[in-house]
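4 protein chains.
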Amino acid sequence: MSFQATDPGFEARVRASFGRQAAMKLIGAVLTRVEPGIATVELPYRAELGQQHGFFHGGMVAMIGDAAAGYAAYSLFPADSSVLTVEFKLNLIAPAGGERLVATGRVKKPGRTLTICEFEVVAHKGGSATVCAVGLETLICLAGRPDAPAG
Amino acid sequence: MSFQATDPGFEARVRASFGRQAAMKLIGAVLTRVEPGIATVELPYRAELGQQHGFFHGGMVAMIGDAAAGYAAYSLFPADSSVLTVEFKLNLIAPAGGERLVATGRVKKPGRTLTICEFEVVAHKGGSATVCAVGLETLICLAGRPDAPAG
Amino acid sequence: MSFQATDPGFEARVRASFGRQAAMKLIGAVLTRVEPGIATVELPYRAELGQQHGFFHGGMVAMIGDAAAGYAAYSLFPADSSVLTVEFKLNLIAPAGGERLVATGRVKKPGRTLTICEFEVVAHKGGSATVCAVGLETLICLAGRPDAPAG
Amino acid sequence: MSFQATDPGFEARVRASFGRQAAMKLIGAVLTRVEPGIATVELPYRAELGQQHGFFHGGMVAMIGDAAAGYAAYSLFPADSSVLTVEFKLNLIAPAGGERLVATGRVKKPGRTLTICEFEVVAHKGGSATVCAVGLETLICLAGRPDAPAG
Chain A
0 MSFQATDPGF EARVRASFGR QAAMKLIGAV LTRVEPGIAT VELPYRAELG
50 QQHGFFHGGM VAMIGDAAAG YAAYSLFPAD SSVLTVEFKL NLIAPAGGER
100 LVATGRVKKP GRTLTICEFE VVAHKGGSAT VCAVGLETLI CLAGRPDAPA
150 G
Chain B
0 MSFQATDPGF EARVRASFGR QAAMKLIGAV LTRVEPGIAT VELPYRAELG
50 QQHGFFHGGM VAMIGDAAAG YAAYSLFPAD SSVLTVEFKL NLIAPAGGER
100 LVATGRVKKP GRTLTICEFE VVAHKGGSAT VCAVGLETLI CLAGRPDAPA
150 G
Chain C
0 MSFQATDPGF EARVRASFGR QAAMKLIGAV LTRVEPGIAT VELPYRAELG
50 QQHGFFHGGM VAMIGDAAAG YAAYSLFPAD SSVLTVEFKL NLIAPAGGER
100 LVATGRVKKP GRTLTICEFE VVAHKGGSAT VCAVGLETLI CLAGRPDAPA
150 G
Chain D
0 MSFQATDPGF EARVRASFGR QAAMKLIGAV LTRVEPGIAT VELPYRAELG
50 QQHGFFHGGM VAMIGDAAAG YAAYSLFPAD SSVLTVEFKL NLIAPAGGER
100 LVATGRVKKP GRTLTICEFE VVAHKGGSAT VCAVGLETLI CLAGRPDAPA
150 G
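Protein chains in written order, with numbering that gives the first Met the number 0: chain A, 0 to 150; chain B, 0 to 150; chain C, 0 to 150; chain D, 0 to 150.
Next comes chain A alone, as it looks inside the complex (with noise of 0.2 Å):
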């Protein structure tokens, strides 16, 4: 499916949006990719992200998945608008191990007020690489309501 922006300004809107979430930056998350329906985040691995087991937590996992569904749909919102999870289920199908993270979130259904999308999250090891989640996310806009601070 390939989808067409209403918002010529949209990928600077999306990475400043992201820019300004420090969770992401705690974490170390790059937003990588920003097209139409598209955004990729990647998580490169450090043995503080690890579970018990030096896998990268499937809390990671999750964060990752869902920002990165969630900047797919922002970037086909309204200039004006804001961004929220409403809500998303995601399978852990892999052990996530390895140097990095890539997510991957693809906008399936977008809508005025509701849009959903799907996410895979692949674990690259060497040269391998594997999908180790998958999920199904919907997002709700907020129109009239911009996500940059007023100034």
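Source of the hints: derived by calculation from the structure; they are not laboratory data. Just so you know, these numbers come straight off a predicted model, no measurement behind them. All residues carry an ideal CB built from backbone N, CA and C; glycine is no exception. Worth double-checking, as some hints may not be accurate.
List of simulated lysine-lysine pairs, DSS-like, C-alpha gap at most 30 Å [to be verified]:
hint, chain 1, residue 1, chain 2, residue 2
1, B, Lys124, C, Lys108
2, D, Lys108, A, Lys124
3, A, Lys108, C, Lys108
4, D, Lys108, A, Lys108
5, A, Lys24, B, Lys124
6, C, Lys124, B, Lys24
7, B, Lys24, A, Lys124
Just some of the chain C residues that point at chain A, by a computed CB distance under 7 Å [unchecked claim]:
hint, residue
8, Asp79
9, Lys88
10, Thr137
Fit chains B, C and D to the given chain A structure using the hints.
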């Protein structure tokens, strides 16, 4: 519902496993209550856990909800086992604002292989408490694979 | 939690809407309890509702769970509105065997646009009652679009 | 992704199991495609399957989505096993209107115990096809418990 733990050392086992999760340390989450089939994880606010509007990031809500559900399940597992999250779904139903989040997981249906839990995350602000997320989660018991490192 | 319906005619409105659902008639489901924020749908067993081992088919469990959640939400909606299921998730936690299934939906968080419900499906067999499914569901209110046919 | 069925008789086994589900007969669902890791279930419209506005009832959408996912998983299971739905989540993303629904389930991650599937339900109306639901589902393999009645 009330459950009986089959492992008399369940509480120490659960607390030790939680203590080995670096990611919980990174965000500052604390395991407070551990009873058969119930676990509570608390998260004091600091700006680094926030999203762009100063609330707790939704990923943090998910992370401690998942942890509470996982340890609620693990409390009922045998001594020489590990726990893995198969999947979870959560609804974010109110802004997660305040001084502290409290996530409580409860076993809804224990099982030899799969255990189903519910969780609820409450935001405490001043004297008030608001449920900000509810979730449903499936955990799997890896029998014969102790959580603790060998040695 | 207890709620107040804003539409004094909520019960008649809910029952009329249920009565227009041919699919509920096909399977033989009956709407029993309707209170503000709560609805109960019952399904007596007949062989046609079964899967290959003589239990109620999981799809039947899902169908009445969704219906109970939807009408629990709809009870709190304004008079001139419709309800749509946005999404739901359910866990089937025990075989759905017995003479009768009873699904109860309860509003967890009402809202002007979105309402979040929980549901539980109980299988009644002889004198015993077993929870066979639990679910979490998001409903949307279509304001100004009455459920009843014009005329 | 492409999979190899370990049981050479997988197709006949899947079709026989579907054929024993009375509930599928009641609603008129037909199992069309069966390949390793893929199954398609179709449902022709009749008024009895509707909700109050003449679309397919959401419960019918869920029922055939779940069936398609379950049989996609079961195609990869060993000969002497059964399949049970552990849980599923679906988003209803467009009105399910038309002459026919087509649900396709695909294995995303096969496993000895748990298998994860995605499903999609498409509504066919005139010449057009609209995705009306997407889902994510977890199935469990009951090894050594054949689906067929003893005889």
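Right, here's what the structure says about each hint:
In summary, the hint linking Lys124/B to Lys108/C is supported, as the alpha carbons are separated by about 19 Å, within the 30 Å threshold. As the CA atoms of Lys108/D and Lys124/A are separated by approximately 19 Å, the hinted pair is consistent with the 30 Å bound. The straight-line distance between the Cα atoms of Lys108/A and Lys108/C is roughly 24 Å, inside the 30 Å bound, and the hint therefore holds. Taking the CA atoms of Lys108/D and Lys108/A, the gap is near 24 Å; set against the 30 Å cutoff, the hint holds.
Proposed proximity of Lys24/A and Lys124/B is supported: the alpha carbons are some 25 Å apart, at most 30 Å. For the hint linking Lys124/C to Lys24/B, the alpha-carbon distance of about 48 Å lies beyond 30 Å, and the restraint is violated. Taking the CA atoms of Lys24/B and Lys124/A, the gap is near 25 Å; set against the 30 Å cutoff, the hint holds. Nearest Cβ of chain A to the Cβ of Asp79/C: about 18 Å, over the 7 Å cut. The hint is violated.
Here the hint on Lys88/C is kept, as its CB sits about 6 Å from the closest CB of chain A, short of 7 Å. Given hint, Thr137/C at the interface with chain A, holds; its Cβ is 6 Å from that chain's nearest Cβ, closer than 7 Å.
Checked against the numbered hints listed earlier, the structure breaks hints 6, 8; every other hint is satisfied.
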